[in-house]
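Chains as they are written, first to last, in the working numbering: chain A, 1 to 328; chain B, 1 to 328.
Note that these hints are calculated values from the structure, not bench results. Honestly, I wouldn't trust all of these hints.
[As the list claims (entries may be wrong)] Not the full set, but computed from the structure, chain B residues with beta-carbon under 8 Å of chain A:
#1 53
#2 83
#3 86
#4 111
#5 114
#6 132
[Said to hold, decoys possible] Which bits of chain B does chain A cover? Going by a derived footprint, with three or more residues having C-beta under 8 Å, they are:
#7 34 to 43
#8 273 to 283
Heads up, the beta-carbon is just placed ideally off N, CA and C, and yes, glycines get one too.
Number of protein chains: 2
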Amino acid sequence: VALTYKPTHRLGRVVVLVGGVGGAKLAHGLAQVLEPEQLTVIVNTGDDFWHRGLRVCPDLDTVMYTLAGIVDRTNGWGIAGDTTAMLEALRRYGEDPWFRLGDQDLATHLLRTEAWQRGERLTAITRDLATRLGIGVALLPMSDSVQATVVDTVEHGLLPFQEYFVRYCWQPTVRAIRFESAGDTPAAPTAEARAAIEAADALLIAPSNPWLSIDPILHLDGMRALLLARAIPRVAVSPIVAGRAIKGPAAKLMAELGLAVSSVSIAEYYGTMVNGFVHDVQDGAAAAAALAEHGVRTLQTNTVMTNDTERASLAQQMLGWLAEWSHA
Amino acid sequence: VALTYKPTHRLGRVVVLVGGVGGAKLAHGLAQVLEPEQLTVIVNTGDDFWHRGLRVCPDLDTVMYTLAGIVDRTNGWGIAGDTTAMLEALRRYGEDPWFRLGDQDLATHLLRTEAWQRGERLTAITRDLATRLGIGVALLPMSDSVQATVVDTVEHGLLPFQEYFVRYCWQPTVRAIRFESAGDTPAAPTAEARAAIEAADALLIAPSNPWLSIDPILHLDGMRALLLARAIPRVAVSPIVAGRAIKGPAAKLMAELGLAVSSVSIAEYYGTMVNGFVHDVQDGAAAAAALAEHGVRTLQTNTVMTNDTERASLAQQMLGWLAEWSHA
Numbered sequence: 001v002a003l004t005y006k007p008t009h010r011l012g013r014v015v016v017l018v019g020g021v022g023g024a025k026l027a028h029g030l031a032q033v034l035e036p037e038q039l040t041v042i043v044n045t046g047d048d049f050w051h052r053g054l055r056v057c058p059d060l061d062t063v064m065y066t067l068a069g070i071v072d073r074t075n076g077w078g079i080a081g082d083t084t085a086m087l088e089a090l091r092r093y094g095e096d097p098w099f100r101l102g103d104q105d106l107a108t109h110l111l112r113t114e115a116w117q118r119g120e121r122l123t124a125i126t127r128d129l130a131t132r133l134g135i136g137v138a139l140l141p142m143s144d145s146v147q148a149t150v151v152d153t154v155e156h157g158l159l160p161f162q163e164y165f166v167r168y169c170w171q172p173t174v175r176a177i178r179f180e181s182a183g184d185t186p187a188a189p190t191a192e193a194r195a196a197i198e199a200a201d202a203l204l205i206a207p208s209n210p211w212l213s214i215d216p217i218l219h220l221d222g223m224r225a226l227l228l229a230r231a232i233p234r235v236a237v238s239p240i241v242a243g244r245a246i247k248g249p250a251a252k253l254m255a256e257l258g259l260a261v262s263s264v265s266i267a268e269y270y271g272t273m274v275n276g277f278v279h280d281v282q283d284g285a286a287a288a289a290a291l292a293e294h295g296v297r298t299l300q301t302n303t304v305m306t307n308d309t310e311r312a313s314l315a316q317q318m319l320g321w322l323a324e325w326s327h328a
Numbered sequence: 001v002a003l004t005y006k007p008t009h010r011l012g013r014v015v016v017l018v019g020g021v022g023g024a025k026l027a028h029g030l031a032q033v034l035e036p037e038q039l040t041v042i043v044n045t046g047d048d049f050w051h052r053g054l055r056v057c058p059d060l061d062t063v064m065y066t067l068a069g070i071v072d073r074t075n076g077w078g079i080a081g082d083t084t085a086m087l088e089a090l091r092r093y094g095e096d097p098w099f100r101l102g103d104q105d106l107a108t109h110l111l112r113t114e115a116w117q118r119g120e121r122l123t124a125i126t127r128d129l130a131t132r133l134g135i136g137v138a139l140l141p142m143s144d145s146v147q148a149t150v151v152d153t154v155e156h157g158l159l160p161f162q163e164y165f166v167r168y169c170w171q172p173t174v175r176a177i178r179f180e181s182a183g184d185t186p187a188a189p190t191a192e193a194r195a196a197i198e199a200a201d202a203l204l205i206a207p208s209n210p211w212l213s214i215d216p217i218l219h220l221d222g223m224r225a226l227l228l229a230r231a232i233p234r235v236a237v238s239p240i241v242a243g244r245a246i247k248g249p250a251a252k253l254m255a256e257l258g259l260a261v262s263s264v265s266i267a268e269y270y271g272t273m274v275n276g277f278v279h280d281v282q283d284g285a286a287a288a289a290a291l292a293e294h295g296v297r298t299l300q301t302n303t304v305m306t307n308d309t310e311r312a313s314l315a316q317q318m319l320g321w322l323a324e325w326s327h328a
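Chain A with its partners taken away, still in its complex shape (with noise of 0.2 Å):
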């Protein structure tokens, strides 16, 4: 990853929650912005799951990827270049791939299932991965325990996130969302993660899905108690840009649950988690406005991130801008 900028900021530490592709890719910007050791990156782990007996982490694995520059950059997850030998394999055994698990992501599949099945924690066996990619900054799952996102469908009734996502394309209608952790006690933040949000000079939420992909996170037990205790900026990105969602079921999901598809509906769904937020360009000037009354402090800037200079661009203006607050 090349240095596009350099850092012209005085925030020491930044924390960013992230789910999927819009996450990795803001995670992605900071990671070229910032000194390794001044970002860590905190990620969902709703979506993982076992599939033909392997501990599959989807949203990990992308954010890993992109931050080691293997990302397929079509698709926004998966290894560029990556084959499906051992899915067309399954498929003469009369299985039904619906689940892409490519050649060489099978590799990270192994690695982790082995670390897994030896008791290993996520976090640890995240780490390693990460570091054998040559990744620098702090990666790290949400939890050690498992915490699984399960979408309630009018269709189908309770499906398990991948399937709802995958297999079925979020195309069943959504009416509600749970998050189920296995065992008595409720998920918790890791004390890695912890560690970092009381660490952190800034506390960023990335463009990615409030529902399915930053909730999970902000489901765990003490996460909210443990963000709104940290008098810093707080601030969110909106994944809505001039009512639209740039990739995945955001804005469908929004309509399915009665919401407006705007990022102001973003921002008043964050409510007081959030004292700042990142809106685009294309809103134009009513949601401007909109979000100017909602009380937020805001940065309406370009947040699509199409390339690489973009995201590291978008991040550079998000820290510069953050970096003021102190000053104001």
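Based on these hints, arrange chain B on the given structure of chain A.
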């Protein structure tokens, strides 16, 4: 698998004990000339091991891929046209991918491991996989219990079989071979293997390595007595042809064990376990004379099986020869 030869003999049921590549060839020859319900293939599972969290059964897979017509004919094992993207990805993580797990091949290991973790018997798992690949003959692991072959070497001490065979390319000097059952009770043949042996009209031992591939089967609790109790043709095919091994470490191993590298040594090694012996035309008259003196019926023919026709031809000749025994 095309039926190249029509059955002309009247042997009802045949059981063949096999290891990997050489055994797979004879099993394939027999499958070409017998009706599926006539043939039971009992496969060595002493080479099986856990690798990268997967339950890998090299000999079972070699025989299964061969019978399904999808084997890589150059190597004799693995799937034709398979790729190694996963292994290359392991290398990116700094791993040494010493054991080949082809990308297509991984589908087999994943399905097997998933079923194994659910507690299914290897016999049932193998039947399921083989059936899905269109295999009609009974393909049986020698046991549902683990009995691992361990090779005691001069250079590295005790080595699990695959470390000796693949990692060190069978180059270490062997001083002894052990069979280690998991748990307190020795591994035993399955009910399916027992029933097949008890119902057999002829028992064949494929030209597999006697020490590394056939001995693990014979070592199973009660197996030798079970075989010796059957007053039927019990015939081994020599893996040594004109003093050389067709493939693998048989000749090298025999020398290390202090044996003359000849088909006569193989017949002597099997002793009373066999009452008939098949050896190659390349062996010459001296070997034939020595074998005749050894006191078993012998068939000298082309045993090398370089193509499908030669496999079927050897099977056909052996079965014809065996059918004559009852008239002798």
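Okay, the hints, checked on the actual structure:
no. : hint       : result
1   : 53         : 4 Å, holds
2   : 83         : 5 Å, holds
3   : 86         : 5 Å, holds
4   : 111        : 6 Å, holds
5   : 114        : 4 Å, holds
6   : 132        : 5 Å, holds
7   : 34 to 43   : violated (count 0)
8   : 273 to 283 : violated (count 0)
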